[in-house]
Structure formats: C-alpha cells, structure tokens
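S.K.: For the protein sequence lines, the chains are A and B, in the order given.
Be aware that the first sequence starts at 1, since it is given in this note's numbering, and climbs by one per residue.
Be aware that the second sequence starts at 1, since it is given in this note's numbering, and climbs by one per residue.
Quick caveat, the hints were computed from the structure, so don't treat them as lab data.
Source: prediction; values computed, not measured.
Glycine is no exception: its CB is placed at the ideal position from the N, C-alpha and C atoms.
Some hints here could point you the wrong way.
Counterexamples of contact, computed for chain B against chain A with all Cβ distances above 12 Å [unchecked claim]:
| # | residue |
| --- | --- |
| 1 | Asn-94 |
| 2 | Ala-191 |
| 3 | Arg-196 |
| 4 | Glu-242 |
| 5 | Lys-293 |
Calculated cross-link-like contacts (lysine-lysine; reagent style BS3-like; alpha-carbon spacing at most 25 Å) [what the hints assert, rightly or not]:
| # | chain 1 | residue 1 | chain 2 | residue 2 |
| --- | --- | --- | --- | --- |
| 6 | A | Lys-3 | A | Lys-98 |
| 7 | A | Lys-293 | B | Lys-181 |
| 8 | B | Lys-78 | A | Lys-287 |
| 9 | B | Lys-293 | A | Lys-78 |
| 10 | B | Lys-268 | B | Lys-227 |
| 11 | B | Lys-151 | B | Lys-199 |
| 12 | B | Lys-98 | A | Lys-181 |
| 13 | B | Lys-181 | A | Lys-287 |
| 14 | B | Lys-151 | B | Lys-25 |
| 15 | A | Lys-287 | A | Lys-227 |
| 16 | B | Lys-268 | A | Lys-151 |
| 17 | A | Lys-268 | A | Lys-287 |
| 18 | B | Lys-151 | B | Lys-3 |
| 19 | B | Lys-78 | B | Lys-54 |
| 20 | B | Lys-151 | B | Lys-181 |
| 21 | B | Lys-227 | B | Lys-293 |
| 22 | A | Lys-78 | B | Lys-151 |
| 23 | B | Lys-36 | B | Lys-98 |
| 24 | A | Lys-107 | A | Lys-151 |
| 25 | B | Lys-78 | A | Lys-293 |
| 26 | A | Lys-151 | A | Lys-3 |
| 27 | B | Lys-107 | B | Lys-58 |
| 28 | B | Lys-239 | B | Lys-220 |
| 29 | A | Lys-200 | A | Lys-107 |
| 30 | B | Lys-54 | B | Lys-3 |
| 31 | A | Lys-181 | B | Lys-25 |
| 32 | A | Lys-25 | A | Lys-3 |
| 33 | B | Lys-181 | A | Lys-239 |
| 34 | A | Lys-78 | B | Lys-227 |
| 35 | B | Lys-199 | B | Lys-227 |
| 36 | B | Lys-78 | A | Lys-151 |
| 37 | A | Lys-54 | A | Lys-36 |
| 38 | A | Lys-181 | A | Lys-151 |
| 39 | B | Lys-239 | B | Lys-200 |
| 40 | B | Lys-220 | B | Lys-200 |
Protein chains: 2
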Amino acid sequence: MEKICFGIDVGGTTVKMGMFSEEAKLLESWEIPTRKEDEGNHILEDICSEIEEKLVEKQINRSDLLGVGIGIPGPVTKDGTVLNCVNLGWGIFNVEEKLSQMLGGIKVKAGNDANVAALGENWQGGGQGFEDLVLITLGTGVGGGVVIGDKIITGSNGAAGEIGHMPVVYDADAEECGCGKRGCLETVGSATGIVREAKKLLASSDMDSSLRDIDGFTCKDIFDAAKEGDEAALIVVDKLTEYLGIAAAHIAAVTNPQVIVIGGGVSKAGRFLLDKIEEKFMEKAFKACQNAKFALATLGNDAGMYGAAALILC
Amino acid sequence: MEKICFGIDVGGTTVKMGMFSEEAKLLESWEIPTRKEDEGNHILEDICSEIEEKLVEKQINRSDLLGVGIGIPGPVTKDGTVLNCVNLGWGIFNVEEKLSQMLGGIKVKAGNDANVAALGENWQGGGQGFEDLVLITLGTGVGGGVVIGDKIITGSNGAAGEIGHMPVVYDADAEECGCGKRGCLETVGSATGIVREAKKLLASSDMDSSLRDIDGFTCKDIFDAAKEGDEAALIVVDKLTEYLGIAAAHIAAVTNPQVIVIGGGVSKAGRFLLDKIEEKFMEKAFKACQNAKFALATLGNDAGMYGAAALILC
Numbered sequence: 001m002e003k004i005c006f007g008i009d010v011g012g013t014t015v016k017m018g019m020f021s022e023e024a025k026l027l028e029s030w031e032i033p034t035r036k037e038d039e040g041n042h043i044l045e046d047i048c049s050e051i052e053e054k055l056v057e058k059q060i061n062r063s064d065l066l067g068v069g070i071g072i073p074g075p076v077t078k079d080g081t082v083l084n085c086v087n088l089g090w091g092i093f094n095v096e097e098k099l100s101q102m103l104g105g106i107k108v109k110a111g112n113d114a115n116v117a118a119l120g121e122n123w124q125g126g127g128q129g130f131e132d133l134v135l136i137t138l139g140t141g142v143g144g145g146v147v148i149g150d151k152i153i154t155g156s157n158g159a160a161g162e163i164g165h166m167p168v169v170y171d172a173d174a175e176e177c178g179c180g181k182r183g184c185l186e187t188v189g190s191a192t193g194i195v196r197e198a199k200k201l202l203a204s205s206d207m208d209s210s211l212r213d214i215d216g217f218t219c220k221d222i223f224d225a226a227k228e229g230d231e232a233a234l235i236v237v238d239k240l241t242e243y244l245g246i247a248a249a250h251i252a253a254v255t256n257p258q259v260i261v262i263g264g265g266v267s268k269a270g271r272f273l274l275d276k277i278e279e280k281f282m283e284k285a286f287k288a289c290q291n292a293k294f295a296l297a298t299l300g301n302d303a304g305m306y307g308a309a310a311l312i313l314c
Numbered sequence: 001m002e003k004i005c006f007g008i009d010v011g012g013t014t015v016k017m018g019m020f021s022e023e024a025k026l027l028e029s030w031e032i033p034t035r036k037e038d039e040g041n042h043i044l045e046d047i048c049s050e051i052e053e054k055l056v057e058k059q060i061n062r063s064d065l066l067g068v069g070i071g072i073p074g075p076v077t078k079d080g081t082v083l084n085c086v087n088l089g090w091g092i093f094n095v096e097e098k099l100s101q102m103l104g105g106i107k108v109k110a111g112n113d114a115n116v117a118a119l120g121e122n123w124q125g126g127g128q129g130f131e132d133l134v135l136i137t138l139g140t141g142v143g144g145g146v147v148i149g150d151k152i153i154t155g156s157n158g159a160a161g162e163i164g165h166m167p168v169v170y171d172a173d174a175e176e177c178g179c180g181k182r183g184c185l186e187t188v189g190s191a192t193g194i195v196r197e198a199k200k201l202l203a204s205s206d207m208d209s210s211l212r213d214i215d216g217f218t219c220k221d222i223f224d225a226a227k228e229g230d231e232a233a234l235i236v237v238d239k240l241t242e243y244l245g246i247a248a249a250h251i252a253a254v255t256n257p258q259v260i261v262i263g264g265g266v267s268k269a270g271r272f273l274l275d276k277i278e279e280k281f282m283e284k285a286f287k288a289c290q291n292a293k294f295a296l297a298t299l300g301n302d303a304g305m306y307g308a309a310a311l312i313l314c
C-alpha cells in the first residue's frame with residue numbers, strides 16, 4: 001500500500017484539504033467551510049472527521065498515513081504553538097499536540113500559512129529547485145515567508161517573513177496599516193493600497209487617465225491601464241515597484257536568497273510587474289546580493305496545501 | 001589529553017589566532033601580521049606554521065586537534081569557497097579544502113568574518129543564550145551577521161548579513177557608499193558616516209555646539225556631546241538611531257530574532273546608544289516582532305576568533 005499524507009491550509013472562510021502521495025503528488029483535494037463559531041472549537045474536529053472519512057473511503061491503513069501538515073492564519077512558534085489566531089477565534093495552544101492527540105498519535109506539523117505557502121512554492125512552485133527563497137504575496141494584504149535550506153524560518157515569536165510590515169514608507173502622510181503602524185509595505189503593496197494610491201494621485205492632479213472612466217476601478221484595472229501606457233497608472237506602478245524593490249533589497253541584504261517569488265492576486269499582472277520589481281531591486285540591492293532571481297508563484301491558492309504536505313514529506 | 005581547536009580571524013592587517021579547549025574555553029591567543037604580498041599566498045602558510053608550532057610547543061597530538069575554524073574578510077559560500085577577497089589579494093578558491101590539505105586532513109570550517117563574529121557573540125558574547133540573533137557592527141563600516149538556530153545564515157552567495165548595505169536613506173542627497181550605491185545604512189551608521197552627518201549639520205546651520213570647539217571631532221566626541229545634552233549632537237544621534245531602528249525593524253520582519261546585538265567601535269557609546277535604537281525600533285517594528293531584545297556585543301575584536309572556534313565546536 002502506498003503511503004500518504006495530508007496537507008491542510010486553514011483559512012478564515014474555507015479549509016483546503018489535500019491528500020499527497022509519498023512521492024509528493026497531489027492525489028486529491030477538496031474544501032470544507034471553516035466553522036468559526038464557539039471560538040473555532042469545531043475546526044480541528046471537522047478536519048479530523050474529513051481525514052478519518054477519507055482513510056475509510058480510500059481503504060488506507062492508519063499505518064500508511066505519514067502525517068498531517070497544517071497551515072494556520074496566525075503566528076505559530078517552532079514547537080507548534082498557535083499564538084492567538086484571531087481569524088479563527090483561537091487562543092494560545094499547541095496545535096501539533098492537540099491535532100495529533102485527536103488523530104490517535106499521528107505526526108502533525110504546523111506552521112504559519114504564509115510561511116507554509118513559501119515552503120510550497122519552494123517544493124513544487126515558482127521557487128522549485130532553489131533551497132533559499134523568499135515569498136512575497138501581494139493580495140488583500142501583503143504577506144510572505146522565508147525558506148532557507150528548504151526549511152521555513154519561523155522566527156523567535158512565529159513572526160519571521162512578516163514582509164508586509166517592513167517600514168518602507170517614510171513620508172509624513174504615510175498611510176496607517178491595519179497593524180497600527182504607519183508606512184508598512186502593506187499600505188502601498190496590497191491590492192487595497194495600490195487602488196488607494198491611484199485614487200490619491202487622480203484626486204490630487206488633473207492628469208488624463210483611462211482609470212477616470214472606470215467606476216470603482218480595481219488593482220487589475222490599474223495594471224491593465226499601465227500596460228497600455230496610461231501615465232497615471234504607470235506612476236502608481238512605478239511607486240509600488242520602487243517600494244517592493246527596496247523591500248526586496250533589504251531582504252536580500254539580510255538572507256541573500258537565490259530567488260524571490262512574487263505571489264498573491266496582484267502577481268497576476270505577471271512579467272510586467274516582475275520586471276519592474278527586478279529593475280528597482282537591481283538599483284537598490286548590494287552587488288553581492290544581486291544574484292537573487294525573481295519568479296512568479298505558480299501554485300496560487302494551493303501553495304499552503306502543498307507547503308503543509310512538505311512539512312511532513314521533506 | 002584534552003582535545004582542542006583553533007579559532008582564527010583573518011583581518012586585513014593581523015591574523016588573530018585562538019586556541020580553545022573542547023569545553024569552549026579560550027586557552028591562549030596571539031596575533032601574527034597578515035602578509036598580503038604575492039596575492040596573499042603566504043597567509044595560509046603562516047597560519048599552518050603557527051598551528052604546527054603551537055601543537056609542538058604544547059605537546060598536543062594531532063589526533064587531539066578537533067579542527068580549525070577560520071573567518072575571512074569577504075564572502076564565503078556554504079561549501080567554504082572564498083569569492084574574491086580583495087582585502088587579502090585572494091581570488092576564488094575553496095579555503096576549507098586548501099587549508100585542510102595543508103594541515104594533513106584536519107577538519108576546517110570557514111565563514112565570512114562578520115557572520116563568524118555573530119556566531120561568536122551568540123556562543124559566548126552579548127547574544128549568549130539566544131539561538132536566533134542578528135549582529136550589527138558599527139565601525140569604520142557597518143557589517144553584520146545572522147544566526148538562526150545557533151547556525152550562521154550564509155546566503156546563496158555568501159552575502160547574508162550584509163546589514164551595512166540595506167538601502168535605508170531615500171533623500172535626494174543620500175551619500176554614496178563604498179559599494180557604489182547610494183543611501184546604504186553604512187553611509188549614516190558607520191563612524192565615518194556619523195562624523196560626516198555632524199559636519200553637514202554644523203556647516204548648514206549656526207547652531208551652538210561644543211563640537212565646534214573640537215578640531216577634527218570623532219564619533220566618540222559626538223556621543224560624548226550628545227550625552228551632555230548638546231543639541232546638534234543629539235540631532236545627529238537621533239537621525240542615526242532612526243535609521244538603525246528602521247533597519248532593525250526590517251531585519252525583525254524578515255527573521256524575527258530574539259536579540260539584536262550591537263557591536264563595533266561606535267557601540268562603545270553603550271546603553272545611551274542602545275536605548276535610543278530600541279526606542280526607534282519599537283516605533284517602527286511590527287508588533288509580533290517587537291519581542292527582539294537589544295544587547296551590546298561583549299567580545300570586541302575577539303568575536304571572530306570565538307565564532308571561528310564555534311564553527312568547529314558547536
């Protein structure tokens with residue numbers, strides 16, 4: 001009988017479940033809703049039920065289950081302790097020990113979802129083949145993860161790879177971040193931040209721009225306009241990529257990765273975005289750190305599931 | 001017979017040699033000049049002679065020599081390859097293999113000198129007891145090293161921990177760094193940079209300052225004046241620590257260390273400097289990364305020698 005493992009990505013709305021072969025192949029994946037009621041007490045119960053059912057359905061012996069990897073949307077320390085995951089209603093407890101106990105002693109490894117996604121991209125995504133990698137995800141927020149020697153860097157408080165909170169904007173009118181600080185990369189690098197910057201630019205100038213014709217334009221509209229040569233959109237993208245280039249240069253000076261993988265919804269702008277970040281990076285980064293390549297994430301929303309499986313299989 | 005190892009720190013002027021017991025005690029240390037002539041070809045020869053002589057003098061069997069750790073003032077990759085160490089006149093070669101061969105097969109481990117110094121501070125210095133540490137050295141230049149899980153982070157090109165080249169200054173008149181870029185931390189955080197900033201401030205204002213009475217004032221003079229409440233000196237120290245706080249916040253967002261150790265000549269300003277950096281750090285750093293403590297380096301110029309021994313003993 002082939003041995004298998006589960007890679008699980010717990011999100012605020014859905015839990016993504018993946019069953020992987022020992023040879024690192026995704027055999028099957030599905031989603032269940034994240035039941036956040038009762039302080040998120042049912043989330044692990046639901047995960048266990050799904051695992052048990054799948055084992056029965058596929059007639060897999062428990063001895064052939066190598067383990068369960070799980071990504072959590074909050075800080076997780078090296079020993080698997082979740083430190084207040086507000087998205088799930090969770091307090092402080094060791095999720096590895098608890099889930100393992102609930103599964104009758106099966107090996108469980110946990111990590112922060114963004115860190116685990118970085119491991120996924122390292123394992124089978126845009127950073128495959130590179131052991132030293134940093135993932136920057138540009139989505140509703142900005143997140144990330146650091147992988148060194150094919151292992152996640154967790155940090156002393158489970159807070160390594162918090163790329164979104166690098167203080168890159170110094171301007172007196174730097175925007176306030178959700179974290180309470182001003183000038184975090186997230187304030188200018190997230191989809192929300194990019195749209196806000198575009199609105200600010202259009203409101204403070206009378207530049208012609210195709211964006212003025214789009215009610216409630218999105219981040220995608222901005223990139224589409226920039227690709228068409230829209231001057232205002234290009235200014236916004238230039239500013240965004242300047243900050244991303246600076247952040248990447250800081251990251252490179254600290255860990256000197258082989259590759260910086262850009263993911264998240266904003267990364268759908270593709271090579272156009274990547275080339276501009278790389279150009280700014282080369283202007284800012286120390287010569288000996290300029291060897292870092294830039295790549296697009298390829299696993300999309302599955303990166304966490306893959307990375308969670310990698311916690312067990314790698 | 002007690003087993004021993006050597007920890008060696010190769011500098012541009014002198015080579016610091018340390019003999020350590022297996023129990024991590026420095027038994028003896030001495031210096032030899034760094035002979036840079038003939039493309040630095042005599043440096044390893046001289047080191048070998050010193051080791052061989054010391055073994056004879058102390059009647060130590062070769063079988064009791066655990067190994068030799070060596071710090072090099074240039075990039076060193078994970079496999080021990082030196083990538084052009086201009087300070088020594090060296091090209092590209094594997095220093096671990098070469099020195100090991102010259103010593104008849106003794107184990108040799110090499111690292112960049114600043115990274116090795118970080119390991120030294122982690123092992124027996126200001127970061128003792130903390131497995132996740134970053135060292136920032138403020139001297140003629142600004143250097144550093146990253147230690148995670150008691151191991152040096154080398155980086156994909158031997159260039160991790162290049163803290164001095166984090167691009168923190170955005171001003172249009174940001175100074176050019178020795179590396180060719182503008183606005184590196186080194187341009188404002190090195191002793192040279194601090195003095196230059198003070199001179200710029202005094203030249204561009206008519207502020208009263210005790211520094212105006214000191215011909216060719218030094219970095220120490222600036223800190224002494226600041227401690228006495230000199231307004232101009234305080235502005236300089238405030239700006240310096242603002243940039244150091246920002247750099248530390250970036251570092252914390254990437255690797256979330258337990259402790260950030262400040263070393264180098266400038267750190268002789270002591271708690272006065274440390275408290276100001278920490279204050280700025282707390283203003284800039286992401287909440288979950290604010291657990292980082294600040295500590296002064298304690299090993300001084302011996303940090304590299306200690307760290308080199310740690311490459312063998314830890």
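S.K.: Provide an ascending list of the numbers of those earlier hints which the structure does not satisfy.
M.R.: Going through the list in order, the structure violates hints 4, 5, 11, 12, 15, 16, 17, 19, 20, 29, 31, 34, 38 and respects the others.
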